[in-house]
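K.L.:
Got chain U sorted already, so can you dock chain Z onto it with the hints?
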Amino acid sequence: MTLEVKQLSKSFGETNAVNQLSLNLPTGRVLGLLGRNGAGKTTTIKMLLGLLTPTSGEMTWNGTTFHSSKVKIGYLPEERGLYTKSKVVDQLRYFGKLEGMSQKEVDEAITYWLERLEIPHYRHKKAGELSKGNQQKIQLIVTLLHNPELIILDEPFSGLDPVNAELMASIITEEINKGKTIVLSSHRMDQVEAFCEYVCILKNGDVVAEGNLNKLKEEYGYRNLIVEDTEPIKSVLNTNQIDFERKQQGIYVKVKTEEEAFTILNLIKSETGSIRKFQLLEPTLNDIFIERAR
Amino acid sequence: MNKFKTVFFFHLREGLLAKATLIMSAILFVLVVGMLGLQKYMASSEQNEEKDKIVIINESTQYSIDETVLNQSLKTATLKQVNSSKFEEVKKEVNDESKDGLIVISEKNNIPVINYTYKNFANNEVLSMISSTMQQNYLNKTSQDLKLSLEAATKLLQNVEVNEEVLKDPMATFGIAYFFGFLLYLFLIVYGNSIATGIVAEKSSRVMEVLLPKVNPVMTLYGRVFAVFCVAFVQLVVIGLGFLFAYLVGFVNLDNLSLFGMEIDLDSLNITTIIAFIVYFLLGYLIYGLLYAAIGSVVSRTEELQTVLMPVTFLLIGAFFISINALVNPNGTFVQISSYIPFFAPLVAFSRFVSGEMNFIEVSASILILIITVFILTKIASRIYVNGVMYYSDKVKWKDVARLLKRQ
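Sequences listed follow chains U and Z, in order. The first sequence begins at 936 in my numbering and counts up one residue at a time. The second sequence begins at 29 in my numbering and counts up one residue at a time.
Please note: incorrect hints may appear among the correct ones.
[Stated by the list, open to error] Pairs of lysine-lysine residues, derived as DSSO-like cross-links and limited to a Cα-Cα distance of at most 27 Å, are as follows:
id	chain 1	residue 1	chain 2	residue 2
1	U	K1005	Z	K103
2	U	K1020	Z	K47
3	Z	K33	U	K1039
4	Z	K147	U	K1022
5	Z	K147	Z	K120
6	Z	K136	U	K1020
7	U	K1189	U	K1169
8	U	K1005	Z	K169
9	U	K1182	U	K1169
10	Z	K47	U	K1060
11	U	K1020	Z	K423
12	U	K1067	U	K1022
13	Z	K47	Z	K108
14	U	K1005	U	K1039
15	U	K1060	Z	K31
16	U	K1067	Z	K47
17	U	K1150	U	K1191
18	U	K1061	Z	K47
19	Z	K33	U	K1022
20	U	K1007	Z	K147
21	Z	K423	U	K1039
22	Z	K79	Z	K103
23	U	K1152	U	K1212
24	Z	K147	Z	K136
25	Z	K136	Z	K169
26	U	K1061	U	K1020
27	Z	K33	U	K1061
28	U	K1060	Z	K33
29	Z	K31	U	K1022
Just so you know, these hints were derived from the structure itself, not from any lab. These numbers were taken from a predicted model, which means no experiment stands behind them.
So that you can see chain U by itself, here it is in the shape it has in the complex:
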């Protein structure tokens, strides 16, 4: 049970928007699709949705050719895709029925989701009259209304205030717990890290990192040793020509192994006499992203 993408490429004239993208996502897992602006995230998503035809490559879903019409997909676009002049309930019904839901099913689902997102009073409002955040909520209902197997979220947190972002996060968690397969594209590394077991980092259309996030972190090769930001420690590091970075929490030194960390700690201890605080941290997704996607 997997979504498998093999050697997927898309070029527009001379430019390669996506180049030889391959990835593997077991069902019930979450994939973080990362990359800077213009890296090819949205192009990849549009190919999954069947909105763009790949130049080459193939996509399979549970072993058979993946086609958007054969898999129930819920798609949250980056920009709002709502009929601004239509009532919320009318367009939700329309989108639900296009997914084959009956009038009764669709009405129940609409009521449930409007309540769940705390906006039942917008039922009969026109979508164009709602604020950006509330339109985003309606868009999320369009995405989840028909109980899709595969959920594709393109920048789900954009335009949401902290309270609504929290609500969105809790709904994504719910869907993960229901066993949905999710592809999530975002710039916010902390959120992707919170949800995603798998990541795929794109840079100018090329995959620069792909796979299980924990494995990636192991393969990343660096950990962060954090020590106190004091003058004596800085001079020890300087005299021993050890690169470091000063941040809010202290001095960050990139180390490859635990041994290397202990060597540095011993050095500091022998030259300054004491160490009051230290930390050895796993690399963050942010570290990996900045290094690979820069």
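P.N.:
Relative to the frame of chain U, chain Z by itself:
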């Protein structure tokens, strides 16, 4: 099929409940009832209108005129004879519009001369009556002078009898053809635009991205085109209801209908005309609807739509003018050819048909050409549409459209 139904009913509902539709229905209804009411009012006010006051001054010594006899038969004016000394005074009154005209009868070489002074509009009834009276007087006097018997004089002046018989009067069908032709033109342009605008709105609001994974684009194309057709049809019914309402309240005199001063002869409105209207309306609508849809699908921004639609709009305006020409001259070479050119045929062939200038074979040929065109356009429009709806660009280039058409 279920999805087609869903798309169709969504757009139908949105179309019927849209403010623009409701306002247009109300305007059409009021316009039809108002126009018919106004006509009725004008017709009745003409009957009650005051008679023109016309003053006669007779300067002639040999010819006399009796206004009391003339007044008995005049319907639109009353005559009053005054002394020639009042000439200037009456002329001033005519200028002030307190009198409607001044007729001075004089003579030149013994022949009566009539001078008619009026402000804006002549009263032709008075003029013809006085001139024929004076003609008679002159005849009498001359025959007396020449000692001719009156009988001989009358015989000499006997008019040649002229009898006209029009076998087919183009004016009889002109009104009907013009009315339906205009309706066809108006609806194609209004609803064609509505199709294109709807598609561009779906595109620019990115609804299309949400929609297309759910439903085949060809279904969204046809669902919309047919839904808008039904909205247009409902508007037609509203016009019909307006007419019915006006008829029920007595605004309509079925024997004397007119549109912008053109007489509408209901005798030429028969069931074949209505069927022809519906057939040509449907085919014309499909042709232009598909064109408008295809073009709407390649445009990304509403602001740009009108510029890109220009060629289609010109085609439609061209078709309308040729069809007007066809009303007057249904057998002109250009008009005849145009009734087989797909983009002109719906309007031109229809107006030639109503004028009775197309036989069964010709009508069938034009309809067949239209049906074939609809099929070809279906292929072209769906292909442009399917590729066009995901094509975003700041400015539409025809080169790109050709590329979209080639793409599978």
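K.L.:
A separate judgement is required for each hint: does it hold in the structure or not?
P.N.:
Verification of the supplied hints:
For the suggested pair K1005 (chain U) and K103 (chain Z), the alpha carbons sit about 83 Å apart, so the restraint of at most 27 Å is broken. Between K1020 (chain U) and K47 (chain Z) the alpha-carbon distance is near 10 Å, which keeps this suggested pair within the 27 Å criterion. About 17 Å separates the Cα atoms of K33 (chain Z) and K1039 (chain U), which keeps this hinted pair within 27 Å; it holds. Proposed proximity of K147 (chain Z) and K1022 (chain U) is contradicted: the alpha carbons are some 63 Å apart, above 27 Å.
Between K147 (chain Z) and K120 (chain Z) the CA atoms are separated by roughly 10 Å; this keeps the pair inside 27 Å, and the hint holds. A hinted pair counts as satisfied when its Cα atoms are at most 27 Å apart, and K136 (chain Z) with K1020 (chain U) does not qualify at roughly 81 Å. For a cut-off of 27 Å, the pair hint linking K1189 (chain U) to K1169 (chain U) stands: about 15 Å separates their Cα positions. Between K1005 (chain U) and K169 (chain Z), the direct Cα distance comes to roughly 105 Å. Violation of the 27 Å bound is thereby established for this hinted pair.
In summary, the hint linking K1182 (chain U) to K1169 (chain U) is supported, as the alpha carbons are separated by about 13 Å, within the 27 Å threshold. Restraint check for K47 (chain Z) and K1060 (chain U): satisfied, since their Cα atoms lie roughly 15 Å apart, inside the 27 Å limit. The hinted pair formed by K1020 (chain U) and K423 (chain Z) meets the criterion: a straight-line CA distance of about 26 Å does not exceed 27 Å. Our distance criterion of 27 Å between C-alpha atoms is met by K1067 (chain U) and K1022 (chain U), whose separation comes to about 16 Å.
At roughly 61 Å between alpha-carbon atoms, K47 (chain Z) and K108 (chain Z) are farther apart than 27 Å, so this suggested pair is violated. Among the hinted pairs, K1005 (chain U) with K1039 (chain U) is consistent with the structure: their alpha-carbon atoms are about 23 Å apart, no more than 27 Å. The straight-line distance between the Cα atoms of K1060 (chain U) and K31 (chain Z) is roughly 25 Å, inside the 27 Å bound, and the hint therefore holds. Restraint check for K1067 (chain U) and K47 (chain Z): satisfied, since their Cα atoms lie roughly 24 Å apart, inside the 27 Å limit.
Annotation: proposed proximity of K1150 (chain U) to K1191 (chain U) holds, straight-line Cα distance about 15 Å (limit 27 Å). Restraint check for K1061 (chain U) and K47 (chain Z): the C-alpha separation of about 13 Å stays at or below 27 Å, so the hint holds. Only pairs whose Cα atoms come within 27 Å are accepted, and K33 (chain Z) paired with K1022 (chain U) is accepted, the gap being roughly 19 Å. This hinted pair does not check out: K1007 (chain U) and K147 (chain Z) have alpha carbons roughly 82 Å apart, beyond 27 Å.
For the hint pairing K423 (chain Z) with K1039 (chain U), the CA-to-CA distance comes to about 44 Å; that exceeds 27 Å, so the pair is violated. Of the pairs offered as hints, the one joining K79 (chain Z) and K103 (chain Z) holds, with about 8 Å between alpha carbons and a cut-off of 27 Å not exceeded. For the suggested pair K1152 (chain U) and K1212 (chain U), the alpha carbons sit about 24 Å apart, so the restraint of at most 27 Å is met. Pair hint K147 (chain Z) plus K136 (chain Z) holds up; C-alpha atoms about 25 Å apart against a cutoff of 27 Å.
Restraint check for K136 (chain Z) and K169 (chain Z): the C-alpha separation of about 14 Å stays at or below 27 Å, so the hint holds. Between the alpha carbons of K1061 (chain U) and K1020 (chain U) the distance comes to roughly 6 Å, so the proposed pair stays at or under 27 Å and holds. For the given pair, K33 (chain Z) sits about 23 Å from K1061 (chain U) by alpha-carbon distance, which is consistent with the 27 Å threshold. Our distance criterion of 27 Å between C-alpha atoms is met by K1060 (chain U) and K33 (chain Z), whose separation comes to about 25 Å.
Among the hinted pairs, K31 (chain Z) with K1022 (chain U) is consistent with the structure: their alpha-carbon atoms are about 20 Å apart, no more than 27 Å.
Violation of the numbered hints given earlier is confined to hints 1, 4, 6, 8, 13, 20 and 21; the remaining hints are satisfied by the structure.
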